[in-house]
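2 protein chains.
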Amino acid sequence: MNKDTIKIGLLGFGTVGAGVYQILTQNGNDIKRKLGVKIEVKRIVVRNLNKPRALAADRELFTDTIDHVLLDPEIDIVVETMGGIEEAHRAIASALEHDKFVVTANKDLMAQHGVELLKIAKEQEKNIFYEASAGGGIPLIRPLKNCLAANRIVKIMGIINGTTNYILTKMSCENMEYETALAEAQAKGFAEANPASDLEGRDAAYKLNIMASLAFSSRIKMDDIHVEGITEVKLRDIRYAQELGYAIKLLAIGEEKQEGLSLRVHPTLIPQAHPLAAVKNEFNAVFLEGDAVGEVMLYGRGAGALPTGSAVCGDIMEAARVIKNEVKNGIIESTFTEKDIIPLAEQFSRFYLRLKAQDEPGVFAQLAAAFGNAKVSLDRIIQKRSVEKTAEIVLVTHDVKEGNFMQALSSLRSMPTIRSINSVLRVVE
Amino acid sequence: MNKDTIKIGLLGFGTVGAGVYQILTQNGNDIKRKLGVKIEVKRIVVRNLNKPRALAADRELFTDTIDHVLLDPEIDIVVETMGGIEEAHRAIASALEHDKFVVTANKDLMAQHGVELLKIAKEQEKNIFYEASAGGGIPLIRPLKNCLAANRIVKIMGIINGTTNYILTKMSCENMEYETALAEAQAKGFAEANPASDLEGRDAAYKLNIMASLAFSSRIKMDDIHVEGITEVKLRDIRYAQELGYAIKLLAIGEEKQEGLSLRVHPTLIPQAHPLAAVKNEFNAVFLEGDAVGEVMLYGRGAGALPTGSAVCGDIMEAARVIKNEVKNGIIESTFTEKDIIPLAEQFSRFYLRLKAQDEPGVFAQLAAAFGNAKVSLDRIIQKRSVEKTAEIVLVTHDVKEGNFMQALSSLRSMPTIRSINSVLRVVE
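Keeping their order, the protein sequence lines are chains A and B.
Sequential numbering of the first sequence, starting at 1288, is according to this note's numbering.
Sequential numbering of the second sequence, starting at 1288, is according to this note's numbering.
Just so you know, the hints here were simulated from the structure itself, not pulled from any lab data.
Careful: at least some of the hints might be erroneous.
One copy or two, either will do: identical chains are not told apart, so a pair holds if it fits within one copy or between any two.
[Stated by the list, open to error] Restricting the straight-line Cα-Cα distance to at most 27 Å, the calculated cross-link-like pairs of lysine-lysine (DSSO-like) are:
hint: 1; residue 1: Lys1611; residue 2: Lys1432
hint: 2; residue 1: Lys1338; residue 2: Lys1508
hint: 3; residue 1: Lys1321; residue 2: Lys1432
hint: 4; residue 1: Lys1544; residue 2: Lys1294
hint: 5; residue 1: Lys1409; residue 2: Lys1662
hint: 6; residue 1: Lys1671; residue 2: Lys1338
hint: 7; residue 1: Lys1406; residue 2: Lys1294
hint: 8; residue 1: Lys1338; residue 2: Lys1521
Generate coordinates for the entire structure from the input sequences, incorporating the hints supplied.
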């Protein structure tokens, strides 16, 4: 194709959309030199034309009519940065049907409708690029699809939500309570006004879905992932964890075992010496274990205008290269096989438990019996001097079946000498 | 192409070659499912047919005649794992001319002749894949070429030699002297019998050349890189560095500044809190800074049969996909521009200096004057109680021009009260 310019239409001009525009503008010459073709933003679709924008872009570019992009035959690439599900879904499907390549950073959408959209892309001999959807600026999708493709991936374990990692870092390093840390994260722009999807682990679960689908070549449904957020993590638990040599991080974990896949997002105690324990503040990192490569870690910024924009622009450049060079059949297709999901009750884990018990003779024997009856063996116990006849006890179990642990927990709950079960967290060694 | 098998010829069956064979065998079914085509090793070229091999492969596969691979029209991909320069160079050029794709892990060759070989590949409408050449199993080449392509890369800084990192880790964490640590590295197989290229920094310089050429889109010559190894690093300096809050690592550093590129490999003091300081033993990591993405770190095993084999097999799969799908023009070409190299004397750095001086009045004033005259300002000074009228002094300068520091150093050398200059190291904050 002898084009000297490839034109894109930008859907949305929020944080990521504006970041993409800024990078294409500021690095335009370098990008043109690398590609041999200029990338031009032809239209930007926004909901409200009159909204004031932090970043200046030519007013002429803006439109509130999405068909100005979807139906424009001059536009080769549609870049979806509007977020949300339904509207974005329709827009991407329509863009593909109008013979356009698509680049998106939309994790919710790719996690829930990725398989179906990629199928439309294939039928249209187009493609959807979504590097930014799993790790923001961190290279993840291509390393999984290409560089590590010859490996059987055994495990993915990542800190893939910046908001929660920022909050846990503040709690752990500056002794802040959860609420204070959340307020600071919001003030600094690391947490949204409505941070529920981040705090409750859903954002991390979407990203895990995208990564695990590629890593394990399996079509994963959101229901396959057990999700717990950080809303119940107490400063007190972080302190006890530190005493035991652990840090608490919100981890997204995917493992392939003989019996199937284990997929979960939950706050986790990890050894302080683990590379993920050193990932602080808004930084993200994904730890991969392949049967050939061993351990690999990819670290960087998982969110933000320019980091996410960096991945989106890398995708735009790839799409532009495909168009310019008329690459045929260059798409790396993922083959999916259905794999079993191991039910949560059948999964193995170590558990951390904090409870309050009456400080009287025989209580510990009752506790021990409850665990013993459920075949849960204990690894470590901390009991501090009791206050007002109440002892706070912290226990760490050996690796046990989740169902067995829950059975022990339910016997404890029915014991009159146990005042309260305050925290239950999982431990990864 | 309706092939159901793509055949490869393996040149060399040492550590990496055997690793490649093992991965293709053990993960063969998965690889076939992902690609839709089987990868078969058709021939393995070795120098000595009778050498006993740790890994069993069908005797029929082996040949000592390289033309059995290069001239076999059934072989689509030549995988070069023999190492060395001249013979590998001829083999790769000939493979391309015989219409084969090439995969190589040969850093020495790619650093010295990569540009020329990639040119032949382009003329032949073939390609050379070399992911394993820079970071072993760590994804580096594709992230640089694709994911981060829209960034202006400002800095690359990496621990890209496992042997030296293993030795420095042992010195630092287990108080071993250099010679003892080297002997242990050799015993454990982390250092070769002749480890000169690793210890003297040349291995890291080759890898820096490959990465920096891509990151800065510039054709870099080996002479452009200032190279110092770890042979002069003393346990004593590691201890002083720790006291000052630093770790000592052999870093490969590439930076693009207004005046040009700065490229160097040398032992470096970095703050203990820097993510690279936590990279221990034989692990490698590369820290990248892009104007959009900010800081990214890629961490993993930079050497070894299976980690390097992982990257080589990823490349084989990419080549196989190109062949199977008859991808045309799918090659990502690197465009190179000539960039200036900043002469070492013009580069800025902080310096660490350890020296012995006569312990008598006025010596410190002389020292201070020597630095002052050369416009070198001092940041930190350690002087311990002197022994036999000799004081050991450790200094860390502010950021100064290398030429100025060297001028100060040369005045010190001519001062009769300075007994010895024991160590000069650079510091990166």
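- prompt: How do Lys1671 and Lys1338 come out at 27 Å by Cα distance, when the copy is not named: within, between, both, or neither?
  reply: neither (57 Å within a copy, 65 Å between copies)
task: Up to 27 Å between alpha-carbons, please classify Lys1611 paired with Lys1432: within, between, both or neither.
output: For Lys1611 and Lys1432, both the intra-copy (23 Å) and inter-copy (17 Å) Cα distances are at most 27 Å.
task: Please work out whether the CA atoms of Lys1544 and Lys1294 approach to 27 Å or closer within one copy, between two copies, in both situations, or in neither?
output: neither (46 Å within a copy, 31 Å between copies)
- request: Evaluate Lys1321 and Lys1432 at a C-alpha cut-off of 27 Å and name the case that applies: within, between, both or neither.
  value: Classified as both; 23 Å inside a copy, 10 Å across copies.
query: Can you tell me if Lys1406 and Lys1294 fall within 27 Å by alpha carbon in one copy, between copies, both or neither?
result: Within. Shortest intra-copy distance 24 Å satisfies the 27 Å Cα cut-off; inter-copy 30 Å does not.
query: Is the C-alpha distance from Lys1409 to Lys1662 at most 27 Å within one copy, between copies, in both cases, or in neither?
result: The answer is neither: 51 Å in one copy and 64 Å across copies each exceed 27 Å.
- request: Have a look at Lys1338 and Lys1521 and pick one of within, between, both or neither, based on CA distance no larger than 27 Å.
  value: Close neither inside one copy (40 Å) nor across copies (62 Å); limit 27 Å.
- prompt: Given a CA cutoff of 27 Å, do Lys1338 and Lys1508 count as a within-copy pair, a between-copy pair, both, or neither?
  reply: Neither: 37 Å inside a copy, 52 Å across copies.
Comparing the model with each numbered hint stated earlier shows that hints 2, 4, 5, 6, 8 do not hold.
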